[in-house]
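Chemist: Sequence:
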Amino acid sequence: LVITVDYSRFSWVFFLATMDETASVLKTFIGGLENLLSLKVKIIRCDNGTEFKNVDLNQFCGLKGIKREFSVPRTPQQNGIAERKNRTLIEAARTMLADSLLPIPFWDEAVNTTCYV
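Going by UniProt numbering, the sequence shown opens with residue 1, and the numbers climb by one from there.
Quick caveat, the hints were computed from the structure, so don't treat them as lab data.
Every value quoted in this text rests on a predicted model; they were computed, and no experiment measured them.
Honestly, I wouldn't trust all of these hints.
What the hints assert, rightly or not - Cut-off 25 Å, straight-line C-alpha distance, at most; resulting in silico cross-link-like pairs (DMTMM-like, lysine to aspartate or glutamate):
1. Lys64 <-> Glu91
2. Lys40 <-> Glu21
3. Lys85 <-> Glu109
4. Lys67 <-> Asp108
5. Lys67 <-> Glu34
6. Lys40 <-> Asp6
7. Lys67 <-> Asp20
8. Lys64 <-> Asp47
9. Lys67 <-> Glu21
10. Lys64 <-> Asp108
11. Lys27 <-> Asp108
12. Lys42 <-> Glu83
13. Lys85 <-> Asp99
14. Lys67 <-> Glu91
15. Lys27 <-> Glu69
16. Lys27 <-> Glu51
17. Lys85 <-> Asp108
18. Lys67 <-> Asp6
19. Lys64 <-> Asp99
20. Lys64 <-> Glu51
Please construct the entire structure, taking both the sequences and the accompanying hints into account.
Modeler: Written as structure tokens, this is what we have:
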């Protein structure tokens, strides 16, 4: 799961074992971010994936007053910032692994490092 701030393009990466973890990770992240920065999350933009359209996340966003904007199915152009960030992270991580001759199990560390840099 890659979370990107629309204004500053600052990003965080979370590695999920299953897509069912998306709601809990997103709720924890939003709570921590609002507490840390004393700001309120107003809008979440995401693709039309089922991991973002569940009862748990619907209730959470309703309670917090967070508006959710979904892109049209099969239209990655509407989610361009996220698509570009994902591509950049994957290409840089792939380059790091190839350059350092590390095996594939280090993929998550390479993506974390890429996001940090």
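Chemist: Run every hint past the structure and note whether it holds.
Modeler: Going down the list of hints, with the structure as the test:
1. Lys64 <-> Glu91: Given pair Lys64, Glu91 is violated - Cα atoms ~36 Å apart, limit 25 Å.
2. Lys40 <-> Glu21: holds, 22 Å
3. Lys85 <-> Glu109: Roughly 17 Å separates the two Cα atoms, so the pair holds.
4. Lys67 <-> Asp108: violated, 31 Å
5. Lys67 <-> Glu34: Within the cut-off at roughly 15 Å; holds.
6. Lys40 <-> Asp6: holds, 14 Å
7. Lys67 <-> Asp20: holds, 21 Å
8. Lys64 <-> Asp47: holds, 20 Å
9. Lys67 <-> Glu21: holds, 21 Å
10. Lys64 <-> Asp108: Violated, at about 31 Å.
11. Lys27 <-> Asp108: Answer holds: Lys27 to Asp108 is near 22 Å, not above 25 Å.
12. Lys42 <-> Glu83: Measuring from Cα to Cα gives roughly 21 Å; hence the hint holds.
13. Lys85 <-> Asp99: OK: Lys85 and Asp99 at ~21 Å, within 25 Å.
14. Lys67 <-> Glu91: violated, 32 Å
15. Lys27 <-> Glu69: holds, 17 Å
16. Lys27 <-> Glu51: holds, 13 Å
17. Lys85 <-> Asp108: holds, 16 Å
18. Lys67 <-> Asp6: The given pair, whose Cα atoms are some 14 Å apart, holds under the 25 Å limit.
19. Lys64 <-> Asp99: violated, 45 Å
20. Lys64 <-> Glu51: holds, 19 Å
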